[in-house]
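The residues making up each chain are set out below.
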Amino acid sequence: MTSDLFTYTLRLADDAAILGQRLGEWCGHAPTLEEDIGLANVALDHIGQARNLYSYAGEVEGAGRDEDQLCFLRKEREFGNCLLVEQPNGDFAQTIARQLFFSAFMLPFWRKLTGSRDETLAAIAAKAEKEAAYHLRHSGEWTIRLGDGTAESRARMQDAIDLLWPYTGELFEVDGVVERLVADGIAVDPETIRDEWHATLRRVCDDATLTLPPVGWMQSGGRSGRHSESFGHLLSEMQYMQRAYPGMRW
Amino acid sequence: MATDQRIAAIDTAAARMRAWEIAAEVPDPEVPVLTIGDLGVLRDVRLMEDGAVEVDITPTYTGCPAMSVFTMDIETALLKAGFPSVRIKTVLSPAWTTDWLSDEAREKLRAYGIAPPAGKASRRALFGDDEVACPRCGSLATEKVSEFGSTACKALWRCTACAEPFDYFKCH
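Just so you know, the sequences run in chain order A and B. Residue numbers for the first sequence follow the numbering used here, so the first one is 5 and each next one is one higher. Residue numbers for the second sequence follow the numbering used here, so the first one is 18 and each next one is one higher.
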């Protein structure tokens, strides 16, 4: 039987790893050199967070699986990341909107998780919180620059926000795992973050002359392993080395 | 305490001090003017019963690739100095902050051409602008080019007075 703590830690690890993988796809393809380095830096932060979280998940599970086995040898349906982070990079505006939605959530999330009764999660959160602040500032500034930019950049930024908005509902989903861990003082109740998250987005979108869509029907399924079509392609690339050469090490 | 026990204890303390000094002198592979002692990455050094040296280090940024180089370099330096075996442990808490950089370390950065972190990490506003002095000419007429630089710990800035681009060691 898998414990709630294992599932919860693994979901956080999957969110970070998959977003890191997506951002890494920009390496060598970003609009400018500075941005290429910037996106790779953000990717690196997420991969670093994922490594800590996977290692801890492996420890909690106690079945001898390490960070690499958890990241590279699980199947699509076993991944519990939210659908938002796996969405394709699209154009630069979509990458920025995805990051804005996620980082605006993760900054207060990590801050609250520093108060977790689980010492390891609290320690990981204390480091991740600082990194999330950069990610939010970076994506927030780009949203404003593009939204309040040319007619073309504004239209693309608005399209990106409209396109990805239905994937934000999942950030706030609470199932039995989260419920029980919140009661134990280990997990963060996402509902306690909603106001700050929404206020941050409103502030950025106001400055960017963009419209935040109303809360409506939301996509769901990632936490229980039901992913978008493109996710399998992402995994096949991310896991290629371990699948082709099982157990290989650098 | 018997005399021989006292001598053993003094020897152990001296050896631990020596191990600390050797480990502390390992340079940052990406910012070679700073050592891991300067950075505050070195958190503890212990001599174990089995003769091994146990070293605690804390990562600067979670994904910083320099950490694996740190680990190898510390191990090599201690083995070279004659310690029989080395174990390196990563500790996450308390989270590393640039507030741990000494004044001396900040001056070393400036002399190397990297602007040291401005202000205290604990007082950073989310969308607030840092005031960063150019490490070349000292002017405050500077602007940020990019939040992210050549390594996780640095941002790209530019001086509008002397026109030099420079790295800024982010307040973190």
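Worth flagging that the hints you see were computed from the coordinates, not collected in a lab. The reader is advised that the hints may include incorrect statements.
Here are the computed distance ranges between Cβ atoms for each label pair [stated by the list, open to error]:
{"id": "1", "chain 1": "A", "residue 1": "ALA187", "chain 2": "B", "residue 2": "ALA180", "range": "54 to 60 Å"}
{"id": "2", "chain 1": "B", "residue 1": "LEU96", "chain 2": "A", "residue 2": "GLU241", "range": "37 to 43 Å"}
{"id": "3", "chain 1": "B", "residue 1": "LEU96", "chain 2": "A", "residue 2": "GLU29", "range": "38 to 44 Å"}
{"id": "4", "chain 1": "B", "residue 1": "GLU38", "chain 2": "A", "residue 2": "LEU167", "range": "53 to 59 Å"}
{"id": "5", "chain 1": "B", "residue 1": "ARG104", "chain 2": "A", "residue 2": "GLY229", "range": "36 to 42 Å"}
{"id": "6", "chain 1": "A", "residue 1": "HIS33", "chain 2": "B", "residue 2": "ARG33", "range": "31 to 37 Å"}
{"id": "7", "chain 1": "B", "residue 1": "ALA26", "chain 2": "A", "residue 2": "GLY66", "range": "36 to 42 Å"}
{"id": "8", "chain 1": "A", "residue 1": "ALA187", "chain 2": "B", "residue 2": "ALA32", "range": "38 to 44 Å"}
Note that beta-carbon positions come from the ideal geometry of N, C-alpha and C, so glycine has one too.
Hints, verified against the model:
1. A:ALA187 x B:ALA180: 54 to 60 Å: holds (59 Å)
2. B:LEU96 x A:GLU241: 37 to 43 Å: holds (39 Å)
3. B:LEU96 x A:GLU29: 38 to 44 Å: holds (40 Å)
4. B:GLU38 x A:LEU167: 53 to 59 Å: Given a distance of about 57 Å, which is inside 53 to 59 Å, the answer is holds.
5. B:ARG104 x A:GLY229: 36 to 42 Å: holds (38 Å)
6. A:HIS33 x B:ARG33: 31 to 37 Å: Violated: the Cβ-Cβ distance is about 50 Å, outside 31 to 37 Å.
7. B:ALA26 x A:GLY66: 36 to 42 Å: holds (38 Å)
8. A:ALA187 x B:ALA32: 38 to 44 Å: violated (49 Å)
Checked against the numbered hints given earlier, the structure breaks hints 6, 8 and satisfies all the rest.
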